[in-house]
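2 protein chains.
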Amino acid sequence: MITVLCGGVGAARFLRALRGLPDPGPVTGVVNTGDDTVLHGLSISPDIDTITYTLAGAIDPERGWGLVDETWTAMASLARYAAVRPEGSTAAPTWFNLGDRDLATHFYRTARLAEGGSLTEVTAEIARAWDLPERLVPMSDDRVATMVDLLDGRTVTFQEYFVQLRHSVPVRGVRFEGSAAATLQPAAAAAISDASVVVVAPSNPIVSIGPMRTLSGMDELLAARRSSVVAVSPIVGGAALKGPADRMMLELGHEASVVGVARLYRDIAGTLVVDPVDAHLVGDVEAAGMRCVVQPSIMSDPVVGAALARAVLDAAG
Amino acid sequence: MITVLCGGVGAARFLRALRGLPDPGPVTGVVNTGDDTVLHGLSISPDIDTITYTLAGAIDPERGWGLVDETWTAMASLARYAAVRPEGSTAAPTWFNLGDRDLATHFYRTARLAEGGSLTEVTAEIARAWDLPERLVPMSDDRVATMVDLLDGRTVTFQEYFVQLRHSVPVRGVRFEGSAAATLQPAAAAAISDASVVVVAPSNPIVSIGPMRTLSGMDELLAARRSSVVAVSPIVGGAALKGPADRMMLELGHEASVVGVARLYRDIAGTLVVDPVDAHLVGDVEAAGMRCVVQPSIMSDPVVGAALARAVLDAAG
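Residue numbers (this note's numbering), protein chains in the order written: chain X, 140 to 456; chain B, 140 to 456.
For reference, chain X alone in the conformation it holds in the complex:
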């Protein structure tokens, strides 16, 4: 049994890569919900949806999020209302694109949560609707909201930072509202305890893996089985493969390199997998306190992905 700690795109691709192995066994993704938001009254879980759609083979391959063959009629129709909303209102936001097909997912999630279903239950139902063999578990059923403190003094939600501001503004801090009161989903805790291997996916260490690490008990669970926890570096050659992880690490005082990643993960993971482009940093990663395995980690095709998945499992012993 393999458990993968997941953000969005990188994690989705790693989970998909596991399918390239002859018999990976049961796979559970424990997914970040700090990015979750409510727009138009709809409950939106971007990381869960990106993973679900990717594993369903339904993701838009160009954008990396949302559904392929998507239409944007509802969004286009919002502009009329954005033009009349009163001062101070944020209704009819047009900066967060929701495709017409994708809307059905948010409709279902919103209605089921309103009926009293937990996010864990609803996530499993949505995964079943897409016939996924993998199990997806949100890190918590409680609301944890990643808030970004900008250098200019403003505080914005993660989606405002990531989508509306195109993560192009300097950050001075990141907080996870609600995490002190939130409970690590017991199914997630069990999946971490019971797995033969735990993988920290190549996701943003601060805003994808970070939120789940603030949940009480999470780091302790990982530390207790640290030798069979393997992290895949999301930083390759000093840059994030996707998103703002590199700049964010720098802005928050970390080194934007595999060494910086190792310093963030050394207490919870025994091994860091780095791309050959970072092979010269193996010694520094080990000096930072992690074993280091070199393996092509840019999952550009299924062969590379399967080899990466194999190397990760092998690294766990």
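Worth flagging that the hints you see were computed from the coordinates, not collected in a lab. Possibly wrong hints are sitting among the right ones.
[Stated by the list, open to error] Here are a few chain X residues that sit away from chain B, every Cβ distance over 12 Å (derived from the structure):
1. Gly-159
2. Glu-260
3. Ser-332
4. Arg-386
5. Pro-435
[Said to hold, decoys possible] For the chain X half of the interface with chain B, some residues (derived, Cβ under 8 Å), not all of them:
6. Thr-212
7. Ser-216
8. Ala-231
9. Arg-240
10. Glu-254
11. Arg-267
12. Arg-274
[Stated by the list, open to error] Quick look at which bits of chain X chain B covers, simulated, 3 or more residues with Cβ under 8 Å:
13. 179-188
14. 217-229
Please read all numbers here as calculations on a predicted model, not as lab measurements. We treat Cβ as the ideally placed atom computed from N, Cα and C, and that holds for glycine.
On the provided structure of chain X, position chain B as indicated by the hints.
The following block gives chain B in isolation, referenced to the frame of chain X:
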């Protein structure tokens, strides 16, 4: 100033007909909200939307509801989730069609209500977004839910009765949940008091005009100015022009005729306008306690509509 008490399609057409007059002056529609519902977490006001879209020239002329040139991608995508919802869940309802363009209206309403806007404010904003010269005011900002008691013992919401069951099941009662605690919107009350003419549109007397009449003070306001309140019969030749008004009247013990309509309205309106097909019933309408004016009332084209509007205003003296 003209104030029209409104349900959906018939009222929308009458409001549009008023535009055929040379100078109708300011027009206010006081609109039924007993049909309002929440689906997918979205606040839906079917009568307000039907009127808004009709006056905007954007209604689908075939269906009589929703937007013209509509697409149904989000709805079609719901089926996947309807198939996995657990026993007892009503999430992913596929019986209530919401077009992709139309969704933007519900998104805006839902978000504005969540921000603390009143339904009256949001309705005015939506009307402005469509450049309507008419003013639309919901009968109340408080929740009033039309509930239908079926002969088979079940109780369903109005939309379940009207759309899901296609109003093809016998009814033994209609109730308006929340109406005792609901306040007649003050702007609606003022529009009724201050108008030179109040028109009861050709809408269902029981489930369109009925809900507003259960609001405290409404009937008294109308009765106090009864001589300049003119109702247009929604029953023509013993049948409803649209919807279940005729069967519902019969099932609830009323006569499905202009005479039955007169008996329902005689306390609040001085005059009933009936179609020439019902000219033989003028005496019976007057015996029931209302003046009766005969005028073609099937608004099949703008000329008929404008003549009806003229006759209604003339009837108020």
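Here is what the structure says about each hint:
1. The claim that Gly-159/X lies off the interface holds: its Cβ sits roughly 26 Å from the closest Cβ of chain B, which is beyond the 12 Å cut-off.
2. Consistency note on Glu-260/X: stated as away from chain B, yet its beta-carbon is not over 12 Å from all of that chain's, at 8 Å minimum.
3. Every Cβ of chain B is farther than 12 Å from the Cβ of Ser-332/X; the closest lies at roughly 27 Å, confirming the non-interface assignment.
4. Remark: the non-interface label on Arg-386/X is consistent with the geometry, its nearest Cβ contact in chain B lying 31 Å away (cut-off 12 Å).
5. Listed as outside the interface, Pro-435/X is consistent with that label: its C-beta sits roughly 36 Å from the nearest C-beta of chain B, beyond the 12 Å cut-off.
6. A cut of 8 Å between beta carbons decides the hint on Thr-212/X: the least distance to chain B is about 4 Å, and the hint holds.
7. For Ser-216/X, the interface hint holds, the least distance from its beta-carbon to any beta-carbon of chain B being 4 Å, beneath 8 Å.
8. The closest approach between the C-beta of Ala-231/X and any C-beta of chain B is roughly 5 Å, which is under the 8 Å cut-off, so the hint is satisfied.
9. Evaluation of the Arg-240/X hint against chain B yields a held restraint, the C-beta minimum of about 5 Å falling below 8 Å.
10. With its C-beta approaching chain B no nearer than about 6 Å, Glu-254/X sits inside the 8 Å limit, and its interface hint holds.
11. The beta carbon of Arg-267/X comes within 5 Å of a beta carbon in chain B, closer than 8 Å, and the hint placing it at the interface holds.
12. For Arg-274/X, the shortest C-beta to C-beta distance to chain B is roughly 15 Å, which exceeds 8 Å, and the interface hint is violated.
13. For a cut-off of 8 Å, the count of residues in the stretch 179-188 of chain X with a CB near a CB of chain B stands at 4, and the three-residue condition holds.
14. Judged by the Cβ-Cβ criterion of 8 Å, the stretch 217-229 of chain X is covered by chain B as claimed, because 9 of its residues qualify and three suffice.
Consistency note: the structure conflicts with the earlier hints numbered 2 and 12.
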